[in-house]
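Residues per chain, in single letters:
2 protein chains.
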Amino acid sequence: MAEENFIDGLNKLTYGLFLVSSSDGETKSALVVNTAFQVTDQPAEIAISVNKNSFTRSLILKSGKFAVFPLEEQTPFVFIGRFGFRTGKTFNKFENIQNSVGKNGSPLILEHTLASIEATVCQTVDLPTHTLFIGQVTHTQVLNPDGKPLTYAYYQNVLKGKTPPGATHP
Amino acid sequence: MAEENFIDGLNKLTYGLFLVSSSDGETKSALVVNTAFQVTDQPAEIAISVNKNSFTRSLILKSGKFAVFPLEEQTPFVFIGRFGFRTGKTFNKFENIQNSVGKNGSPLILEHTLASIEATVCQTVDLPTHTLFIGQVTHTQVLNPDGKPLTYAYYQNVLKGKTPPGATHP
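Heads up: the protein sequence lines correspond to chains A and B, in order.
For the first sequence, the numbering used here gives the first residue as 221, with consecutive numbering after it.
For the second sequence, the numbering used here gives the first residue as 221, with consecutive numbering after it.
Calculated directly from the structure, the hints in this document are not laboratory data.
Do not rely on the hints blindly, as some may be mistaken.
Treat identical chains as interchangeable: a pair holds within one or across any two.
DSSO-like cross-link-like pairs, simulated, lysine-lysine; straight-line CA separation at most 27 Å [unchecked claim]: (1) Lys368 / Lys282; (2) Lys272 / Lys380; (3) Lys368 / Lys382; (4) Lys380 / Lys368; (5) Lys323 / Lys309; (6) Lys323 / Lys272; (7) Lys380 / Lys282; (8) Lys282 / Lys382; (9) Lys309 / Lys368.
Please put together the full structure from these sequences, using the hints given.
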């Protein structure tokens, strides 16, 4: 039996669209994910699911730190493509993009982002194609208080965006 | 220093609103969660974060099975309240609610739901206030193909809903 992907049921779930960045002190990178969510409240912890082929994942494994950025609804497609459809191994995703350095050393991306959420990894869960990082939130900053978050439904239905390679679902 | 909840940054994340059900063969229950998301693709796995005080959590721990139901945008507030603000320990949440039994034994809730996603627990991650269950998806069924999913933002901003006790964030 071919492995089912159960897409009809699973695509009724609601997701946002986020950038996740990390740095090992020398190299920095960032990628697009659709799974970033608070999993517990006291202390605040956030979980992200990152494809095992991603270069950013290797930086998170080295540094134990990452930052998450909810994207704004008006994010241009080319901006998403820059972070979601290219690899940070051979391409400098930050060239000509406004950025700085967060309190935990992760790159801060200052365009088309609503907030930064910095975290320190406290648990790493191995999944078949992805790694689930659970991080304790150490600092947040609102970058655009009035911006509306980009949802995955808006990206697919209005922007007609394709699923980035390595997404958690097709 | 008082523990920060970082709410200004964290409330820029996008969530849906879901029911999660389970049964130990004798007793059945369900609750409302805002964290349910596919975390890996081959095989399809879904993660849910469930408060440790929840009765449904004890049924998932016993049975190793659960089902997730994305709610439709038009879900009446009283329906959400029934599942989100009362405990299944002493209250039969299913009375006068259309329901049946899923392939994995979890209750199927057939009102105001867009799909059912049944899963078998393959990893359990202990978090401070919640348990993160990661389940392999075993069956899905679309219950309302044209319905629009209820988002947490819509629940808060349009329905003016309160945060259910035991949510992952305030």
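Comparing the hints with the structure gives:
1. Lys368 / Lys282: Neither. Shortest intra-copy (33 Å) and inter-copy (41 Å) distances fail the 27 Å Cα cut-off.
2. Lys272 / Lys380: Result: close within a single copy only, 26 Å intra versus 39 Å inter.
3. Lys368 / Lys382: For Lys368 and Lys382, the Cα distance is within 27 Å both inside one copy (21 Å) and across copies (20 Å).
4. Lys380 / Lys368: Cα proximity of Lys380 and Lys368: in one copy and across copies (18 Å, 17 Å).
5. Lys323 / Lys309: Only inside one copy: Lys323 and Lys309 sit 24 Å apart there, 44 Å across copies, limit 27 Å.
6. Lys323 / Lys272: Within one copy only: 26 Å inside, 32 Å across.
7. Lys380 / Lys282: neither (35 Å within a copy, 43 Å between copies)
8. Lys282 / Lys382: The answer is neither: 30 Å in one copy and 40 Å across copies each exceed 27 Å.
9. Lys309 / Lys368: Neither: 31 Å inside a chain and 39 Å across chains, both beyond 27 Å.
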